[in-house]
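Given chain A, work out where chain B should sit, using these hints.
If you read the sequences in order, they're chains A and B. Residues 23 to 434 in my numbering are what the first sequence lists, from first letter to last. Residues 23 to 434 in my numbering are what the second sequence lists, from first letter to last.
Just so you know, the hints here were simulated from the structure itself, not pulled from any lab data. Some clues are possibly wrong.
[Stated by the list, open to error] Chain B stretches covered by chain A per the calculated footprint, using a threshold of three residues with CB under 8 Å from any CB of chain A: (1) 37-51; (2) 87-100; (3) 408-420.
[Said to hold, decoys possible] Not the full set, but computed from the structure, chain A residues with beta-carbon under 10 Å of chain B: (4) I28; (5) D224; (6) S297; (7) A415.
[Said to hold, decoys possible] Keeping only pairs whose Cα atoms sit at most 20 Å apart, straight-line, the calculated EDC-like set for lysine to aspartate or glutamate is: (8) B:K152 with B:E314; (9) B:K262 with B:E54; (10) A:K106 with A:E81; (11) A:K166 with A:E192; (12) B:K152 with A:D412; (13) B:K152 with A:E423; (14) A:K194 with A:D84; (15) A:K401 with A:E352; (16) B:K152 with A:E239.
Where is the CB? At the ideal position from N, CA and C, for every residue including glycine.
There are 2 protein chains.
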Amino acid sequence: MSIAEIISVGTELNLGQILNTNAQFLSSSLAELGINLFYQNVVGDNEQRLCETFLRALERSDVVILSGGLGPTEDDLTRESVAKALGRELVLDDEAVTVLQNQFVGRVMPQNNLRQAHVPEGGFALPNPKGTAPGICIPVSNGKLVFLLPGPPRELQPMFNEAVVPIMREHKLTQGSFFSSTLRCSGIGESAVAELLADLIDRQTNPTIALYSRLGEIDVRLTTRASSLTEAAVIMAPVKGEIVSRLGSHIFGEDACTLASALLQQLATSNYSLSVAESCTGGLVGHMITNEPGSSLSYMGGVVAYANNVKETMLGVSLDTLLSHGAVSEQCAREMLEGALGAFRTDAAIAITGIAGPSGGTVEKPVGTVFVAVGCRGKNNVVRLNLRGDRAAIKERAAKEAIRQLLLLLRG
Amino acid sequence: MSIAEIISVGTELNLGQILNTNAQFLSSSLAELGINLFYQNVVGDNEQRLCETFLRALERSDVVILSGGLGPTEDDLTRESVAKALGRELVLDDEAVTVLQNQFVGRVMPQNNLRQAHVPEGGFALPNPKGTAPGICIPVSNGKLVFLLPGPPRELQPMFNEAVVPIMREHKLTQGSFFSSTLRCSGIGESAVAELLADLIDRQTNPTIALYSRLGEIDVRLTTRASSLTEAAVIMAPVKGEIVSRLGSHIFGEDACTLASALLQQLATSNYSLSVAESCTGGLVGHMITNEPGSSLSYMGGVVAYANNVKETMLGVSLDTLLSHGAVSEQCAREMLEGALGAFRTDAAIAITGIAGPSGGTVEKPVGTVFVAVGCRGKNNVVRLNLRGDRAAIKERAAKEAIRQLLLLLRG
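Bound conformation, chain A alone (with noise of 0.2 Å):
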């Protein structure tokens, strides 16, 4: 497999201006093309420290990539320091001449424009249809390529994708596809996932195994290089049904799936309608079910009973559990549950109160105290959950679990 190094330039980039997209699109475009990135760097528009880091790069990796640095200003100087690291004259590339002075048309082309059209001997230009400064290709010993690409990425993704991958298939730096399956686990820790899986993970080697941590979610990534989707499976499959075997029910689902989507599939199955009633989430659960496109086919409505005598007038929660039992309690989530299912009529409900902090917490129950009950057509259930983190991280783990429990009970 070759190896590729990513360079970006630009002391906005060191000054934390701006955040650098086009390394994560060059990063993700490589793995896919089956080409291996170990190191990304980010210099300043300053020559020395280009041309050290451009030399180390071209040492250790077969195509290095340059980004940024190619504009018409004094401070733009990754063509320069490229050139004068290669001991390459500038020359005047006639093709990139042409295409600068076709955007031109009708106006003066200011002269610093024309610095853009060099290129280190030996070099040649690369067309920029979305901007005005050309890339550059420069084949070196060894049959290494140095790319120099624009800055912005509206002119980087395309002139990656049309001109540099072909020059890269051509010189066969690519090898076969890069395919991923991802198992979307949740209700479970990361070191937990780990430990479950520390065999697999230690002996991994096609597909190789990587653990993903989210607030109250983990992936398990398997990846593999194959010729095709088909191939990908099947040699995927056995880990794959080992992972399953082992986290069960942990796993909600694949890929792009979310838990508010998986539980919206899982009702549309049964054609089921769903309402929630929220204390301690404020409307995150109803939030993370409508952010689904389609939620309106299932999901009616929900009441974010905040106010204790919310619970009462809205979802009939009795003064009598609020006093002897308190808001925070298993009675009070069976009460609240019992309410949606009766407001909104639906057959299935989702019910949370607890204490998202920072204060509010007593002994008995301590910030992070959160009941959740869930019902479906005479089934239902109810957990206590001790949460960690702060306010924010406990709303979110306490919306996800209750998404999950939910959807626990109608898998059976």
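Frame of chain A, contents of chain B only:
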């Protein structure tokens, strides 16, 4: 001026699976602290490449900040690699053990979590209130400092601000002090702000002026170097006053203020209560409001009336309105507002109905058409919005604009 270098660790970065937002956060923060940043690096989870990159960074910089790879699993090896490169043993840090164990009160801590309590000899743990993995600071020779920070941005950012910055100040690595003041704007586009402030931005020197845009919001950030906050305030006052007079009511607050916190503060000054009736935003307004600690003082609750019959039964919208004007209409928004005020008996309310897409649009009411009604004690206002973006963007813009509309009404 001292020199820092950033090393972002993680194979997921080299595969392009995540965007390196940590690098931008760290580089902009370093710029504000008056610390030079010349190089940024990304390396995968590979000991040899990590060691090599780390030693080069330590050679040419005063502060090396690594992020990522501190988790409990086998492929998290930043801690081990840095210890090896420095020729130091990993030792158990008692304070880190206590911090870790506190997070697992009432649950069994998987054994592999203990790895996270180890620090290279001579280093010490940095508390992580937002996650399990503590950070690490290692003072090395020549007064240089090495910091190991967790990868998740919500853990890295507070740890940098609350632990790393004070240590760097103590070691006199920061220079002067930069003070920033942010004017937070909404209800106006970035290019409109840029035009209104064009001359100020052109001739900016001290303070500098920068615009940052988020969905539905623009920050105007003034930055100056000064010896004290008071001095900074004096330097910024004239420019700030000029910007405030030009942007007027588009400015809803300063610094950490959010639209929701501004609204809650405004409600609290009059001791007004609030309820919300949401359709297309699906609970997002309630979620944004309840993200603010203490929101229960003013916010009573809300109804998510997604289905039309819920608008009728829970909010008293008339069938006639739904049939003759449609659910997405000024009339329906008005009736939802009245319904919320009546059902929750609050002083103030917000109502939203619209089309978030991707389907459901018509020629007269395309996707992005949203009606917002706000009212408080007899005063009310309805606006029609034409929002752009995908489903998530339309929901977010609508929720923010609805909060802003009530804020405007209350501020008169």
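How the hints compare with the structure:
Counting residues of the segment 37-51 of chain B whose C-beta lies closer than 8 Å to any C-beta of chain A gives 14; at least three are required, and the coverage claim holds. With 5 residues bearing a CB less than 8 Å from a CB of chain A, the segment 87-100 of chain B meets the requirement of three and the coverage assertion stands. Given as covered by chain A, the segment 408-420 of chain B passes the check, having 3 residues with a CB less than 8 Å from a CB of that chain where 3 are the minimum. Annotation: interface hint on I28 of chain A holds; nearest CB of chain B at approximately 8 Å, less than 10 Å.
Given hint, D224 of chain A at the interface with chain B, holds; its Cβ is 7 Å from that chain's nearest Cβ, closer than 10 Å. The beta carbon of S297 of chain A is positioned within 10 Å of a beta carbon in chain B (closest approach about 8 Å), and the interface hint is therefore held. The interface hint given for A415 of chain A holds, since its Cβ lies 7 Å from the closest Cβ of chain B, which is under the 10 Å cut-off. With a C-alpha separation of about 17 Å, the suggested pairing of K152 of chain B with E314 of chain B holds against the 20 Å cut-off.
Proximity of K262 of chain B to E54 of chain B is assessed by CA-CA distance (about 19 Å); at most 20 Å being required, the pair is judged to hold. Our distance criterion of 20 Å between C-alpha atoms is met by K106 of chain A and E81 of chain A, whose separation comes to about 16 Å. Taken as a hint, the K166 of chain A and E192 of chain A pair is honoured in the structure, with Cα atoms around 12 Å apart against an allowance of 20 Å. About 7 Å separates the Cα atoms of K152 of chain B and D412 of chain A, which keeps this hinted pair within 20 Å; it holds.
For the given pair, K152 of chain B sits about 19 Å from E423 of chain A by alpha-carbon distance, which is consistent with the 20 Å threshold. The hinted pair formed by K194 of chain A and D84 of chain A meets the criterion: a straight-line CA distance of about 11 Å does not exceed 20 Å. The straight-line distance between the Cα atoms of K401 of chain A and E352 of chain A is roughly 16 Å, inside the 20 Å bound, and the hint therefore holds. Proposed proximity of K152 of chain B and E239 of chain A is supported: the alpha carbons are some 16 Å apart, at most 20 Å.
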